[in-house]
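Protein chains in written order, with my numbering: chain Z, 37 to 184; chain U, 67 to 404; chain S, 67 to 184.
Check the hints yourself; a few may be wrong.
[Claimed, not checked] Far from chain U, some chain Z residues (derived; all Cβ distances over 12 Å):
#: 1; residue: 86
#: 2; residue: 116
#: 3; residue: 140
#: 4; residue: 156
#: 5; residue: 167
#: 6; residue: 176
#: 7; residue: 180
[Said to hold, decoys possible] In silico BS3-like pairs for lysine-lysine, Cα to Cα no more than 27 Å straight-line:
#: 8; chain 1: U; residue 1: 360; chain 2: U; residue 2: 336
#: 9; chain 1: Z; residue 1: 42; chain 2: Z; residue 2: 52
#: 10; chain 1: U; residue 1: 72; chain 2: Z; residue 2: 53
#: 11; chain 1: Z; residue 1: 38; chain 2: U; residue 2: 70
#: 12; chain 1: Z; residue 1: 49; chain 2: U; residue 2: 384
#: 13; chain 1: S; residue 1: 73; chain 2: Z; residue 2: 60
#: 14; chain 1: Z; residue 1: 38; chain 2: U; residue 2: 72
#: 15; chain 1: Z; residue 1: 147; chain 2: S; residue 2: 183
#: 16; chain 1: S; residue 1: 120; chain 2: S; residue 2: 156
#: 17; chain 1: Z; residue 1: 42; chain 2: U; residue 2: 256
#: 18; chain 1: Z; residue 1: 60; chain 2: U; residue 2: 336
#: 19; chain 1: Z; residue 1: 53; chain 2: U; residue 2: 386
#: 20; chain 1: S; residue 1: 73; chain 2: S; residue 2: 120
#: 21; chain 1: Z; residue 1: 49; chain 2: U; residue 2: 324
#: 22; chain 1: U; residue 1: 70; chain 2: U; residue 2: 256
#: 23; chain 1: S; residue 1: 148; chain 2: Z; residue 2: 181
#: 24; chain 1: U; residue 1: 386; chain 2: Z; residue 2: 38
#: 25; chain 1: U; residue 1: 285; chain 2: U; residue 2: 324
#: 26; chain 1: U; residue 1: 386; chain 2: Z; residue 2: 60
#: 27; chain 1: U; residue 1: 256; chain 2: Z; residue 2: 53
#: 28; chain 1: Z; residue 1: 38; chain 2: U; residue 2: 256
#: 29; chain 1: U; residue 1: 256; chain 2: Z; residue 2: 52
#: 30; chain 1: U; residue 1: 384; chain 2: Z; residue 2: 52
#: 31; chain 1: U; residue 1: 324; chain 2: Z; residue 2: 42
#: 32; chain 1: Z; residue 1: 49; chain 2: U; residue 2: 386
#: 33; chain 1: U; residue 1: 97; chain 2: U; residue 2: 120
#: 34; chain 1: U; residue 1: 386; chain 2: Z; residue 2: 42
[Said to hold, decoys possible] Label-pair ranges, simulated between beta-carbon atoms:
#: 35; chain 1: U; residue 1: 381; chain 2: Z; residue 2: 44; range: 18 to 24 Å
#: 36; chain 1: S; residue 1: 87; chain 2: U; residue 2: 292; range: 48 to 54 Å
#: 37; chain 1: Z; residue 1: 48; chain 2: U; residue 2: 213; range: 23 to 29 Å
#: 38; chain 1: U; residue 1: 106; chain 2: S; residue 2: 179; range: 30 to 36 Å
#: 39; chain 1: U; residue 1: 334; chain 2: Z; residue 2: 179; range: 56 to 62 Å
#: 40; chain 1: Z; residue 1: 168; chain 2: S; residue 2: 93; range: 19 to 25 Å
Just so you know, these hints were derived from the structure itself, not from any lab.
From the three backbone atoms N, C-alpha and C, an ideal C-beta is built for every residue, glycine too.
In case you want the letters, here they are:
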Amino acid sequence: MKNINKTTDEFNKIVKKEQPAVNKVSNFLKAYLVGGTICLIGQIFWELYMTLFDYSQQDAETMVTITMIFLGGLLTGLDVYDEIGQFAGAGSLVPVTGFANSMVAPALEYKQEGFIIGIGANLFSIAGPVLAYGMVSAFLVGLIKTLF
Amino acid sequence: MAEKTKGQTLIFRNPPHIVAHASIVGPEESKGPYSEYFDLHLEDAKYGKDSWEKGEERMAANAVNLSLDKASVTPADVDLMLGGDLLNQLITADFVARDLDTPFLGIYSACATLVEGLTLGAALMDGGFADCVVAFASSHYQTAERQFRTPLEYGVQYPPYKQYTVTGAGSYVLGWLGGDVWISHATLGKVIDLGVTDPNDLGSAMAPAAAEIILQNFKDLNRSINDYDLILTGDLGITGKKVLTALLEEENVIPEDKLMDCGAEIFGYKEEYGSGGSGVGASATFFGSVIIPKMKAGEYRRVLLIGTGALLSALTVKQKESIPAIAHAIVAERIPGG
Amino acid sequence: MVGIFLKAFLIGGLICGICQLILDNTDYTPAHIMVSLVIIGSVFTGLGWYDPLKEFAGAGVTIPVSNFGYILTKGVQEAAEKDGLLGLFKGVLDIASAGISASVIIAFFMALIFNPKE
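Bound-form chain Z, shown alone (with noise of 0.2 Å):
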């Protein structure tokens, strides 16, 4: 016979009480503003690469989506890209940027067991499924048009 006889559902409700709330509204809000801000800095990139280096629209889409990726990865072996995500949520999360940090961040992680298993075996650990899905949607949304 136990002393504390309560179902889940009643805990939960002690839980929830005494937790600190999360703020939805604030944690929106800067969503909003970092992932806005990411996409505007890409939004200048590409300006930039179209008018000052005269890439293509295409060409200069990709240069922008490889600028952004570095600087994802440089911010997380940096150190800082962990504190925004802690601010931002989805706001860092969702950008590409928040993809290389998806990449280097397990990289970094086991660094410490080696150069191939550690490095080279981490890098996907995390933004392996996103890979995965997209190429296979990929396939399967091709599939479909070309049978319809």
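Starting from the known structure of chain Z, fit chains U and S onto it as the hints suggest.
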């Protein structure tokens, strides 16, 4: 000779003394308000080694060796070592024992491991099977984080009630002579699961187990909160402590300011550490280095120390299992006339 | 000219904001969010919605990770038109090649240069 109550509590007729204790804490804990209480401080998380795991091993080994020095015993004098940590296969404790010429039992109940070690050690001594026992435990932020959560540099957002694993190791030498505190009773806990599934809120998952063991201890010994000067929980954190208080108050136990949590205290309630510390390192360092000196000074005479452990693994979380928890308790008393 | 900057901010921010609402109100993990976005990007491309969106918001839809779904799918579609079934396989990385190669190469060197925090 030991005696068992009808419930879950052991009464030690010859209470083993905590002869010596040593603690080491990590860089973040060294910035906290209790920094000066701890014996040694890590400047970096790898402690001069080339991996975090080796750093944790060195930290735990140094805690054990320092406690032996303080007690003026050698590893050969020790009848048994009981140790554990949070890593798979108890790898830290195993590797510490590798370098010592002492029989060793590895034990695991997550963050209740230290109290489990003290309980087993005291029971074996009172039962006549040992005269000198070492109980130690360690936890480490980086090693635990990568076993249980996501990479450190990964930019995910944690809720304000998340706890941060304490980097710390504590070692206790139990013997018959010396020291200021002895272990008079131990209450053995059951695994409790009230269905918490959020791995960021271990404090709330463990609070019911803590409440359960407190009430059981009171029932078995026919005691009330007034019989204790301090109820010290291991690592419920700020949120878990509030949940525990709410649970106890529903059972008409009003802890008021008698309730203290090692994890909540160790970082000094700073916002950047969320709900405070977790990990067995919290109770392993805090009880020995902060509370025992205060007991010696007469601030507390009888303390109920509760180790609280969340029994999850990275896999059970992914399989959407809830988080069972365990708590064990020991009664630590100032040795009369000591 | 100024309009595209504002639209990139507003639309890009909105996508992130909506994802934050999903994170805060459901059991979805960041991995679920990322995968869902890529699939949505892919499906939108199939339906012919992504190009107009890009026209309208520029980097507002090419910076979010849904863009991976777009470039992967667009490559498949273009190759399938040319090579039929074989194109379904050949085309996956046609447009995405630069982005994916860059992320692997850059991430590798970042991991080589830096060390995780102590």
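Quick rundown of the hints versus the structure:
| no. | hint | result |
| --- | --- | --- |
| 1 | 86 | holds (29 Å) |
| 2 | 116 | violated (9 Å) |
| 3 | 140 | violated (7 Å) |
| 4 | 156 | holds (15 Å) |
| 5 | 167 | holds (17 Å) |
| 6 | 176 | holds (26 Å) |
| 7 | 180 | holds (31 Å) |
| 8 | U:360 - U:336 | holds (24 Å) |
| 9 | Z:42 - Z:52 | holds (15 Å) |
| 10 | U:72 - Z:53 | violated (36 Å) |
| 11 | Z:38 - U:70 | holds (18 Å) |
| 12 | Z:49 - U:384 | holds (24 Å) |
| 13 | S:73 - Z:60 | holds (24 Å) |
| 14 | Z:38 - U:72 | holds (14 Å) |
| 15 | Z:147 - S:183 | holds (12 Å) |
| 16 | S:120 - S:156 | holds (24 Å) |
| 17 | Z:42 - U:256 | holds (15 Å) |
| 18 | Z:60 - U:336 | holds (22 Å) |
| 19 | Z:53 - U:386 | holds (23 Å) |
| 20 | S:73 - S:120 | holds (10 Å) |
| 21 | Z:49 - U:324 | holds (25 Å) |
| 22 | U:70 - U:256 | holds (16 Å) |
| 23 | S:148 - Z:181 | holds (13 Å) |
| 24 | U:386 - Z:38 | holds (25 Å) |
| 25 | U:285 - U:324 | holds (18 Å) |
| 26 | U:386 - Z:60 | holds (24 Å) |
| 27 | U:256 - Z:53 | holds (26 Å) |
| 28 | Z:38 - U:256 | holds (9 Å) |
| 29 | U:256 - Z:52 | holds (24 Å) |
| 30 | U:384 - Z:52 | holds (23 Å) |
| 31 | U:324 - Z:42 | holds (25 Å) |
| 32 | Z:49 - U:386 | holds (20 Å) |
| 33 | U:97 - U:120 | holds (23 Å) |
| 34 | U:386 - Z:42 | holds (21 Å) |
| 35 | U:381 - Z:44: 18 to 24 Å | holds (22 Å) |
| 36 | S:87 - U:292: 48 to 54 Å | holds (49 Å) |
| 37 | Z:48 - U:213: 23 to 29 Å | holds (27 Å) |
| 38 | U:106 - S:179: 30 to 36 Å | holds (32 Å) |
| 39 | U:334 - Z:179: 56 to 62 Å | holds (59 Å) |
| 40 | Z:168 - S:93: 19 to 25 Å | holds (21 Å) |
The structure is inconsistent with the numbered hints 2, 3, 10, although it conforms to all the rest.
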